[in-house]
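Undergrad: Here the structure of chain A is known, so what remains is to put chain B in place on it, guided by the hints.
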Amino acid sequence: MDVSQYLEIFIDETKEHLQSLNEHILILEKEPENENTIDEIFRAAHSLKGMAGTMGYKKMQRLTHDMENVLSEIRNGNMKATSELVDVLFRGLDALEDYLASIQTDGTEGDLDSEDIINSLNKILDIGLGKIQSDADENTSTPSSTDDSSKPDIKEYNDKEKFRYLKIEEHEKKAMAKAMSLDLNVIGLTIYIQEYCVLKGARAYMINRSLEEHGEIIKLHPSAQDLEDEKYDFDYSVYVITRETPEQLKSYAMSVSEVKEVVADYIKLDDDEIQRYLEAIKQDETTVSATKASGDSGDLKGKSNPTKKQPTKAVANRSVRVDIEKLDVLMNLVSELIIAKNSLVSSSSSLHEVLDVSYFDQIEYLERVTTNLHESVMKVRMVPIESVVNRFPRMIRDLSKSLNKPMELYMTGEETELDRTVIDEIGDPLMHLLRNAADHGLEDKEERKTTGKNPVGSIYLDAYQDGNNVIIEVRDDGKGIDLEKIKNKAVERGTITPEQAERMTDKDIIDILFMPSFSTSENVTDVSGRGVGLDVVKTKIEALGGDIIAKTKLGEGSNFIISLPLTLAIIQSLMVTISQEKYALPLGNIQTVENVRSKDIKNVNGKEVLNLRGNVIPIIRLNEILECDNIQEADEILVVIVKKGERYAGMVIDDLLGQQEIVIKSIGKYIDNHKIVSGATILGNGEVALILDVNSLI
Amino acid sequence: MDEINSKQYISVKLGNDVYGVEIKYIDSIIVMQRITRVPKAQPYFLGVINLRGEIIPVMSLRRKFDLEEDEFNSLTRILIIKPEPTAAPVGMIVDEVNDVIELNNEDVKMMDYDEKDNLAGYSIGIGKYGDELINILNVPGVIADKEKS
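For the record, the sequence lines run as chains A and B.
The first sequence runs 17 to 714 under this note's numbering.
The second sequence runs 1397 to 1545 under this note's numbering.
So here's chain A without its partners, still in its complex pose (with noise of 0.2 Å):
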């Protein structure tokens, strides 16, 4: 079979269930006994290996197997979630990650060996089922329901009779039992549809029903809820409990139109078993794990009541896959868009006296309507940032292991929406700092507990909108960073000298981390070392529009504090004038605009600061540092407050514009601004208006 058409998808799908495997193992390993998460992992596991078989990766299949065995024993409380199964369950991940790394580049799995793994796990299993193992295998690992010996006959099985392979659970052999005490019949069928049925969904139902009329059903495979998704081939088995005979059903469902075979046949369970399940259902407390070694699953077993349960699913995902290529398509278009409706708004408001009311109505609705447009589009390209962090619980468990230090990871605002380009990217950097927060910034446990701290220390990563900014915090609570450190560093390495040094606040020096020659750099203030510079993270999120800030208390820990735009491609922005001049400065970073009088602003220090409503606000001359023409000074100026961060500064400008929905252009890498423009863009009458970063003119 070609399934290379299905490799993406396969790829795609394989990533979710390893993450999700990823996720629930770690709550697995705080919570040994939490049936969800386990059967969340068990179904996982399965779905990853029946994916890997379909696709032909032998060794994937392989290992997943195993680890579904492990899996199972958990399952059906044969065996606890000891944290070393765990660690060997972690392996496992990895290595399938390694497979998927290596399917994602070439097509094949590569030669990765996962000998090893396979073999901790069966010894894993060994152990944990210890001489029973045998025992506990028919009842788990082989599929037949029944146990057979003592029935040659219902040994040649046919291989139609799916049925038979099928799993049970505690609570059906439950059931099952409670019906053959009672003389019923327990019936098994696999209904095979005709492949040309178009509403498979709708004729399983109909077949259920009808089975339905005569007698329960207890056991369907794949689950209700799969049946009427389509989520099934051609076929699918059940369990009915009945007074009727095998042929007698058989031809029941052959009497629903399109069902191609019905194979059917009774499902027996031993006569220990039915003695055995019904004492189980007469008390309720006392478990089936008597006959069984491991003791302690007794609790566990109880709470697999006969009640039935059919896994929940969840409610068919209403949702596409898009190339994220198509999605820039669609948004290079709505930014044409953009430009088109600002160029036909400018060139309609001259025209104020000729035209029709009625026209600049339909001029405002076609605003209306491009900016609820741009907002869709937009909000098609957001992700959750949970996409990019929910990998980071695992890496902050195994760092803890590592390092040797007890740490935990808290995070909030996981459905925080980014765009999908900036998710892409900011994964890098945040690993960065929270491997630098648990390297680093963490004390060891024995420091930790002589300053009478909390022995395991705390990593926080905080995500929130504000504004049309997101925030990302990365904090921990650690020893903090030794600024007198940094400053003597710096001066040693002729980055600063000892007079600047002398001046410098705790926030210049704090910004001297983020400067390339500290990064590689030995241990200056045991904040960096690993080779991860925070002038990388920094370079990397300035990239990307965002910028970062650093607060921290010395013995009481640090603070990253990251800002991101919400959008990349068209911002709101203001627009003002300096000197003649059309700029754009993006309204995230305005505050206010305030008039303010000129004999207002003081000079402290050889620099302008105006004092507003108690803050004390460092003037910027926008004309000054865009080497504008000198204008005269009028006795009441215009300034745009702006906030960076903590900070706050105040712009002059000559005039202001108004609000305008901006698409944000590059202006390429051969001009060299200083970072003084962040882009440009094209204003209605086909202008170019640049785009001021405000966060590097601070």
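Calculated from the structure, these hints are not laboratory results.
These figures come from a predicted structure and were not determined experimentally.
Some clues are possibly wrong.
Pairs of lysine-lysine residues, derived as DSS-like cross-links and limited to a Cα-Cα distance of at most 25 Å, are as follows [said to hold, decoys possible]:
#1 B:K1478 to A:K691
#2 B:K1436 to A:K623
#3 B:K1436 to A:K685
Listed next, the stretches of chain B that the computed footprint assigns to chain A, with coverage defined by at least 3 CB atoms under 8 Å from CB atoms of chain A [stated by the list, open to error]:
#4 1446-1459
#5 1518-1525
Some but not every residue of chain A turned toward chain B, in silico, with C-beta under 7 Å [said to hold, decoys possible]:
#6 F250
#7 E643
#8 K681
#9 I692
#10 I698
From the three backbone atoms N, C-alpha and C, an ideal C-beta is built for every residue, glycine too.
TA: Frame of chain A, contents of chain B only:
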């Protein structure tokens, strides 16, 4: 026409000199546009223009070659240059665009490269067209700003 032995050039005028720009670099030639100044840019970059929705930086060859300041008139043209087929375009302002000419390779004398002379790197050779001498422009060299002031 033997393609291997000859190349086509656009001959442009800059002051008193005639320069040849190999045709493979030329994306288009447009008339003078309104240029938006970019503050703090390299002095020879006059700014950016909007060409059919694309923002293109424009440099003055006169400033680059230390000639007198440009005087824009109806003959002034902007050559839209792509140093590589996939690279972003750059505009170059010239006084005048004359013609498309074809030079046989033997008529082009490659220049000896002089490390010390910055301006020398901007021309890769001298072509002989009739009795006119044409500077063959080193397009990537001009764009790549090797002096890095």
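Undergrad: None of the hints should be skipped; say for each whether it holds.
TA: To see whether the hints hold, each was checked on the structure:
1. B:K1478 to A:K691: holds, 24 Å
2. B:K1436 to A:K623: Holds, at about 22 Å.
3. B:K1436 to A:K685: Distance ~14 Å between B:K1436 and A:K685 Cα, so the pair holds.
4. 1446-1459: holds (count 7)
5. 1518-1525: Contact hint for the stretch 1518-1525 of chain B vs chain A: violated, 0 residues under 8 Å.
6. F250: With a minimum Cβ separation of about 50 Å from chain B (threshold 7 Å), the hint on A:F250 is violated.
7. E643: Constraint on A:E643 satisfied, holds at 5 Å.
8. K681: holds, 4 Å
9. I692: holds, 6 Å
10. I698: holds, 5 Å
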